[in-house]
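S.K.: Listed in order, the protein sequences are those of chains U and G. Going by this note's numbering, the first residue of the first sequence is number 5, and it counts up by one from there. Going by this note's numbering, the first residue of the second sequence is number 5, and it counts up by one from there.
Check the hints yourself; a few may be wrong.
For chains that are exact copies, the list does not tell them apart, and a pair is met inside one copy or across any two.
What the hints assert, rightly or not - Lysine to any residue pairs mimicking SDA-like chemistry, simulated, CA-CA at most 20 Å apart: (1) 27 - 55; (2) 215 - 37; (3) 134 - 166; (4) 27 - 37; (5) 144 - 104.
Don't read these hints as lab results, they were simulated from the structure.
There are 2 protein chains.
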Amino acid sequence: MRQAELQALDIPHVSLEARTAAKRRLDEQARPQGSLGILEDLAITAAGIYHDATPPLPKIRAVVMCGDHGVAEESVSMFPQVVTRNISKAFLQGGTAFNLFSQHVGADTEVVDCGVIGDLPPSPLLVQRKIRSGTHNIAKGPAMTVEEAMQALSIGIERAQIAHEQGFRIVALGEIGNSNTTAAAALLSGLTGISPVMTVGKGTGVPVWQKLHKINVVNRAITLNSPKPDDPIDCLSKLGGFEIGAMAGTIIGAASRSLCVVIDGFIATVSALLATRINPRVREYTVFGHLSAETGHGLVLQCLEATPILDLGLRLGEGTGAILAASLVALSCSLLSGMASFENLHTPNPYEHCD
Amino acid sequence: MRQAELQALDIPHVSLEARTAAKRRLDEQARPQGSLGILEDLAITAAGIYHDATPPLPKIRAVVMCGDHGVAEESVSMFPQVVTRNISKAFLQGGTAFNLFSQHVGADTEVVDCGVIGDLPPSPLLVQRKIRSGTHNIAKGPAMTVEEAMQALSIGIERAQIAHEQGFRIVALGEIGNSNTTAAAALLSGLTGISPVMTVGKGTGVPVWQKLHKINVVNRAITLNSPKPDDPIDCLSKLGGFEIGAMAGTIIGAASRSLCVVIDGFIATVSALLATRINPRVREYTVFGHLSAETGHGLVLQCLEATPILDLGLRLGEGTGAILAASLVALSCSLLSGMASFENLHTPNPYEHCD
Chain U
5 MRQAELQALD IPHVSLEART AAKRRLDEQA RPQGSLGILE DLAITAAGIY HDATPPLPKI
65 RAVVMCGDHG VAEESVSMFP QVVTRNISKA FLQGGTAFNL FSQHVGADTE VVDCGVIGDL
125 PPSPLLVQRK IRSGTHNIAK GPAMTVEEAM QALSIGIERA QIAHEQGFRI VALGEIGNSN
185 TTAAAALLSG LTGISPVMTV GKGTGVPVWQ KLHKINVVNR AITLNSPKPD DPIDCLSKLG
245 GFEIGAMAGT IIGAASRSLC VVIDGFIATV SALLATRINP RVREYTVFGH LSAETGHGLV
305 LQCLEATPIL DLGLRLGEGT GAILAASLVA LSCSLLSGMA SFENLHTPNP YEHCD
Chain G
5 MRQAELQALD IPHVSLEART AAKRRLDEQA RPQGSLGILE DLAITAAGIY HDATPPLPKI
65 RAVVMCGDHG VAEESVSMFP QVVTRNISKA FLQGGTAFNL FSQHVGADTE VVDCGVIGDL
125 PPSPLLVQRK IRSGTHNIAK GPAMTVEEAM QALSIGIERA QIAHEQGFRI VALGEIGNSN
185 TTAAAALLSG LTGISPVMTV GKGTGVPVWQ KLHKINVVNR AITLNSPKPD DPIDCLSKLG
245 GFEIGAMAGT IIGAASRSLC VVIDGFIATV SALLATRINP RVREYTVFGH LSAETGHGLV
305 LQCLEATPIL DLGLRLGEGT GAILAASLVA LSCSLLSGMA SFENLHTPNP YEHCD
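Let's have the full structure, built from the sequences with the hints guiding it.
M.R.: Structural data, given as structure tokens:
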């Protein structure tokens, strides 16, 4: 895929008519208006995305994008790089939070190798799309070529299109990648000009001295690579990573197929900012699953003027927050199609004058 | 049931050994320690309640207690009293938020008529335990006799015991009752001495002038009835209502059978305070599902030193917040029994030194 093709990808607006019809429907239900809080907002969002005020219960596909980062050699994580491969393998075997959360909400799962170092065992869950075994170290040069950045985006666009063809209507989007809070912080700083002091956090829990070191590494990556804030593909190629590009591609692909895409924590939300910079219309299709405990997450949510659905103190990634929130989006759809109005109950609506 | 029998009801402490074993198990899992936030707290709570560090997936029974309030004649609600009966009927027919939320999380449902005015149609979901057609008006005298208060508590104890016998291990607890934010505010003030100015809220959305009127009504109820703050049964009988007593009974019954009970919004939380005053040990078995938008809810949560799980802007009652949170308690149990440790993955735990 070329950059021009990507930007020309047709993303329609969501349906204002369906949103209005959904709002009216909610207001006619046998309960005080507005009494279902955020679930009503989600129902209206879903109706707009699906162009349908009574959408059928949407099936959920949980996608976890996996990739390694050359910047790991700067010791920005407490943990060895092999964690990416080990956890990716565990996704395929079952028994991770990604698997259990998906099973709990009835979501189908998919594990995409975008650039893990080392081999992953064959599995029906695995989608093998390895671009390269890890990005280059951003503290020493660009993470990837522009061609590789386009390839990462294409992986995601393809996965969203396939999810659509397979009948899924919600994509819950997460990731695994050792050192990827560093890459995401760099990308956030690159895209917005916000200082790394604000975008770098503790990741999986580094001590304060190591966080200060992470800030230095990100500062170096930005100075060295000079990403162009108004060129999102340039920022992605210079600051990485493969799984971040693939998530941005999934968001773009989901929007182009009128799927709702539910975003996980800090890294996935940075990928949503990236996707929004490539095509602002994707914002209409994105829902933000939860507020992560990672420092920069509140900041990137602010950049997107987004309010996350859940706040459960999660800071794992793997799509955990997105998967739980996706289940609430599905529930909100069943409120639209399955809930009785006072008319159905053959009784006048006593709540109709309620604020 | 007599008051002495009630207070003698044996409620064991939860198991500290199982809590400790669950914490250790969580810490050994293939992820950074503490990275599943509130879900880890819930897992530890559940392990203590079930005396089992790897509890099987608990089945959920959602119970909605229904009752009318004599204080409705003081015009403390925007809506006619018949709403209680209409919504209770709707629970039996399906298509309410109570039904849809329960279905979404796979919870079994039960609708208990504790004192609805008028008849409810026969239904396999209905448990008919009507004490009387609505309480008396608390602005004119006591809501009920002490015998009726004991009867209300007994209904709940029975429902918890039956849930236990039927194999349910989580009870999600909600209510419907026109004007019951007034009764709950009165009971909260009666039990704590906190001024009605603080405990009375907007309920289903009354305007400010009507909220001020509600405060006057509650003040009158307290002055007239002189509830004894150190006698919870006295407070219940004087300030009501039947469904509030039945919820308190369910909490006591659940604790006596080592069930986890998940509490809904303001009214259910006041019933939890009542239950805790009858037997403080029940607190170890209660989980608070969500933060309601009703004013007094934060206050009663503070009285119980409780942190609610979800904050979705719900203000409906019907057990909606409790049902969603109950599903998270169930998920937390599957984290204990279904999640891989690094040992399972045959790989050293790189996260073991993580804070």
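S.K.: Hint by hint, work out which the structure violates, then give me just those numbers in ascending order.
M.R.: Violated hint: only 5; rest satisfied.
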